[in-house]
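Each residue of the sequence shown is one higher than the one before, counting from -3 in this note's numbering.
Please note that the accuracy of each hint is not assured.
Pairwise CB distance ranges, derived in the manner of DEER restraints [to be verified]:
id, residue 1, residue 2, range
1, P140, P9, 47 to 53 angstroms
2, P44, R216, 43 to 49 angstroms
3, H81, P103, 29 to 35 angstroms
4, L114, G171, 28 to 34 angstroms
5, N30, V213, 49 to 55 angstroms
6, A66, N30, 16 to 22 angstroms
7, G116, G39, 41 to 47 angstroms
8, G178, G116, 23 to 29 angstroms
9, A50, L165, 49 to 55 angstroms
10, S54, D196, 25 to 31 angstroms
11, D147, S47, 57 to 63 angstroms
12, R107, S219, 18 to 24 angstroms
Lysine to any residue pairs mimicking SDA-like chemistry, simulated, CA-CA at most 25 angstroms apart [said to hold, decoys possible]:
id, residue 1, residue 2
13, K127, Q112
14, K127, R173
15, K127, G195
16, K127, N150
17, K36, A58
18, K127, G171
If you are wondering where the hints come from, they were derived from the structure by calculation, not from laboratory data. Every residue, glycine too, gets a C-beta built ideally from N, C-alpha and C.
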Amino acid sequence: MLSLTSDQLVALPVDDLALRVVTDFAPHGWNEHNYLNEHKQSGDFTDPAMSAIAEALSWARAHGLIARSATQSSADAIFVTRLGHQAIQAGLTRVRAEARLSAGLHPAIERRARPQFLLGELEQAVFVAMKVVEIRVRALAGLPDSDFGIDLMNHAFGPSGPLTDQTALKGEQEGTRALFAGAYAVLRNPSGHRDIDYGDPAEAAESVATASLLMRVLDRIESRIST
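When you get a sec, could you build the whole thing from the sequences and use the hints?
Structure below.
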């Protein structure tokens, strides 16, 4: 039984409440309807609070913390998933990080890097994402394989570089060069020389999202240079 007042239940963000519900459900629960009915029959919770609990269960299901049981015939039979147990132990950091990458990534990053992230291979996800960017820059700039890394970015986006928008202000030109070179230096270079431990999955997710942003900038550049 949840040890919160009705007002506290309603005030909690849905993801925080979902974790509390899953934690409460895990030791003895197996049926979603019974779990809700137990709280309703206790008389301790208002209708808005019961709605908040139901909403939290729906959120937990949508984010993979609970799932329908494969061994029970009832549609209300659920169990706490591996991700759910991980969240109980470590909190919602991983779940929230995955949610950052759940929609809106550039298709190439979605296809290549997100699967690595979902497998928990955070360093590899960032490495692959920036590799996708590097390959795209080289192809658009028409530069040889001998151009790579920060030198490639400086060459492609330098004052007379093939990807530089000569109609843009000098500050914008330099900003674009610094954006690509800096992102490569910070996100890609270190993993090429040593193991990187992303203790915070959110940092890894935002690094992958940065690569996605760079790919969208390259989409715009490709449109400009092809017309």
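So, going through the hints one by one against the coordinates:
Between P140 and P9 the CB atoms are about 51 angstroms apart, so this pair conforms to the stated range of 47 to 53 angstroms. About 47 angstroms separates the C-beta atoms of P44 and R216, a value consistent with the hinted range of 43 to 49 angstroms. In this structure the supplied range 29 to 35 angstroms holds for H81 paired with P103, their Cβ-Cβ distance being about 32 angstroms. For L114 and G171, the hinted distance range of 28 to 34 angstroms is satisfied, since their beta carbons lie about 33 angstroms from each other.
The hint said 49 to 55 angstroms for the Cβ distance between N30 and V213, and at roughly 52 angstroms that hint holds. For A66 and N30, the hinted distance range of 16 to 22 angstroms is satisfied, since their beta carbons lie about 18 angstroms from each other. Look at G116 against G39: about 43 angstroms separates their beta carbons, and that is inside 41 to 47 angstroms. Checked against the given bound of 23 to 29 angstroms, the beta carbons of G178 and G116, roughly 27 angstroms apart, stay inside it.
Evaluation of the 49 to 55 angstroms hint for A50 and L165 yields a pass: the beta carbon distance comes to about 54 angstroms. Taking 25 to 31 angstroms as the suggested C-beta distance range, the pair S54 and D196 conforms, at roughly 27 angstroms. Restraint check, D147 to S47: a C-beta distance of roughly 58 angstroms satisfies the suggested window 57 to 63 angstroms. Range check, R107 to S219: about 21 angstroms between beta-carbon atoms, so the 18 to 24 angstroms window is met.
This hinted pair checks out: K127 and Q112 have alpha carbons roughly 13 angstroms apart, not beyond 25 angstroms. Distance check on the hinted pair: K127 and R173 sit about 17 angstroms apart at the alpha-carbon level, within 25 angstroms; holds. At roughly 22 angstroms between alpha-carbon atoms, K127 and G195 fall within 25 angstroms of each other, so this suggested pair holds. Pair hint K127 plus N150 holds up; C-alpha atoms about 16 angstroms apart against a cutoff of 25 angstroms.
For the suggested pair K36 and A58, the alpha carbons sit about 23 angstroms apart, so the restraint of at most 25 angstroms is met. Between K127 and G171 the CA atoms are separated by roughly 21 angstroms; this keeps the pair inside 25 angstroms, and the hint holds.
The structure is consistent with each of the numbered hints, conforming to all of them.
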